[in-house]
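K.L.:
These protein sequence lines map, in sequence, to chains P and W. Going by the numbering used here, 70 is the number at position 70 of the first sequence; the sequence numbering is gapless. Just add 113 to wherever you are in the second sequence, counting from 1, and you've got the numbering used here.
Please note that the accuracy of each hint is not assured.
To be verified - Derived lysine to any residue pairs resembling SDA-like cross-links, with alpha carbons at most 25 Å apart:
id	chain 1	residue 1	chain 2	residue 2
1	P	64	P	79
2	P	64	W	162
3	P	64	P	78
4	P	64	W	159
5	P	64	P	74
6	P	64	P	77
7	P	64	W	203
8	P	64	W	197
9	P	64	P	76
10	P	64	W	158
11	P	64	P	75
Hints listed in this document are in silico derivations from the structure and should not be mistaken for laboratory results.
These are the residues of each chain, in order.
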Amino acid sequence: MSTDEVISAFLDDEPFEPADLATALADNEGRRLLLELVALRTLVRADPIEPPARLAPHAISPRKWIAVGFLAASILFGAGAAWLLPTRLRQSSDDVPPTPTRVITFDTAPSAP
Amino acid sequence: MGPCDDWRRQPFSTLVAPNADAEALFAAHQAGLLRYLRRAVGHADTARDLTQDVFVRVAGSATLPPTDDDRRAWLFRIARNLAIDHRRRHEVRLAESATGRADAGRPAVQDTSLAVNEALASLDTLDRDVFLLRETAGLSYVEIAAACELTVPAVRSRIHRARLSLRYQLSAPITALLDGRKE
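Whole structure, please, built from the sequences with the hints as guidance.
P.N.:
Here you go:
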C-alpha cells in the first residue's frame with residue numbers, strides 16, 4: 001500500500017497494515033496528508049450555507065404575474081370608479097329641469113263650433 | 114405536484130411509515146441522507162424535499178433488504194438516484210447553485226462553503242457521489258460499491274482521486290483550517 005492509500009484506509013476504517021501506517025506517518029508529507037484530509041472532511045461535513053436567493057426575471061411564476069395583473073386592474077378599476085361616480089351623481093341632479101324665468105303664452109284662435 | 118407532496122413540508126419526526134422496519138431504517142439514517150443530499154444537490158431545501166422522497170420510496174416498498182449493510186446501501190442508492198434525477202431534470206450544476214464567484218463583503222464562512230460546492234461540482238459525477246457517500250454519510254467501501262454498482266477497488270480509487278483533486282482545489286481553506294484561521 002502506498003502512503004496515500006494507507007492513510008485513506010486509516011481515515012475510512014478500512015483494513016490496513018499498522019506497519020504501513022507507521023511508515024506513512026514517519027514521513028512529513030504523510031503527516032501533512034493525514035491532517036489535510038481530516039481538514040477536508042471537516043469542510044465537506046460542515047453544513048452548507050445557502051447562497052442568497054437571486055430574483056431572476058424567470059423566477060416570478062406566471063401565476064404571480066396573473067395575480068399582479070389582477071391587482072393592477074383592480075386598482076385601475078377602483079380609481080376609475082372613484083373618478084366617475086361623483087360625476088354620475090352630479091349628472092343625476094343636473095337632470096332636474098331649471099326653474100322658469102319667463103312664461104310665454106300663446107293665444108290660440110277659438111276652435112270652430 | 115404529486116399526491117405525496119403534502120408529506121414534504123412535514124417535519125421528519127411526524128412521518129410514519131406503514132412498515133415499522135422502514136420507519137426505523139429511515140430514522141437511523143435521515144441525518145446522513147440529508148447531509149449527503151445537501152452536498153449532492155447543493156441546496157438545503159431541495160435536499161430536504163429529496164430526503165422526504167426517499168422516505169416515501171422506503172415506506173412504499175413491500176420488502177426491505179435482509180441485512181443492515183444491504184439496507185444502508187439500498188437507502189443511499191435511492192437517495193443517489195433521486196439526486197441524479199434532480200440534477201438531470203433541472204440541469205443544475207453545483208457551481209451554478211453556488212451563484213457565482215465570491216462577492217465582496219460576503220461572509221468568509223459562506224465563501225468557504227461555496228468554494229467546497231464549486232470544487233465538488235468540478236469532480237466527475239461518479240467520483241463526487243462515491244466521495245460524498247463516504248464523507249457525508251459514512252458508508253463503507255462495500256456499501257458504496259453496492260449503492261453505486263461498482264467494485265470495491267474502483268470505489269477506493271475514485272475516493273482517492275476525488276480527495277487529491279479536492280485537496281488541491283481547497284488548499285487555501287484547508288491550510289486556514291489547520292492554522293486555526295477563519296478563511
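K.L.:
Each of the hints needs a verdict: does it hold here or not?
P.N.:
Right, here's what the structure says about each hint:
Distance hint between residue 64 of chain P and residue 79 of chain P is fulfilled; the C-alpha atoms sit about 22 Å from each other, no more than 25 Å. Taking the CA atoms of residue 64 of chain P and residue 162 of chain W, the gap is about 23 Å. The hint holds against a cut of 25 Å. Of the supplied pair hints, the one linking residue 64 of chain P and residue 78 of chain P holds, its CA atoms being roughly 21 Å apart against a limit of 25 Å. At roughly 22 Å between alpha-carbon atoms, residue 64 of chain P and residue 159 of chain W fall within 25 Å of each other, so this suggested pair holds.
Of the pairs offered as hints, the one joining residue 64 of chain P and residue 74 of chain P holds, with about 15 Å between alpha carbons and a cut-off of 25 Å not exceeded. Taking the CA atoms of residue 64 of chain P and residue 77 of chain P, the gap is about 20 Å. The hint holds against a cut of 25 Å. A C-alpha spacing of about 21 Å is found between residue 64 of chain P and residue 203 of chain W, which places the hinted pair at or below 25 Å, so the restraint holds. Between residue 64 of chain P and residue 197 of chain W the CA atoms are separated by roughly 30 Å; this puts the pair beyond 25 Å, and the hint is violated.
This hinted pair checks out: residue 64 of chain P and residue 76 of chain P have alpha carbons roughly 18 Å apart, not beyond 25 Å. The straight-line distance between the Cα atoms of residue 64 of chain P and residue 158 of chain W is roughly 21 Å, inside the 25 Å bound, and the hint therefore holds. The suggested pairing of residue 64 of chain P with residue 75 of chain P holds, with an alpha-carbon distance near 16 Å, which does not exceed 25 Å.
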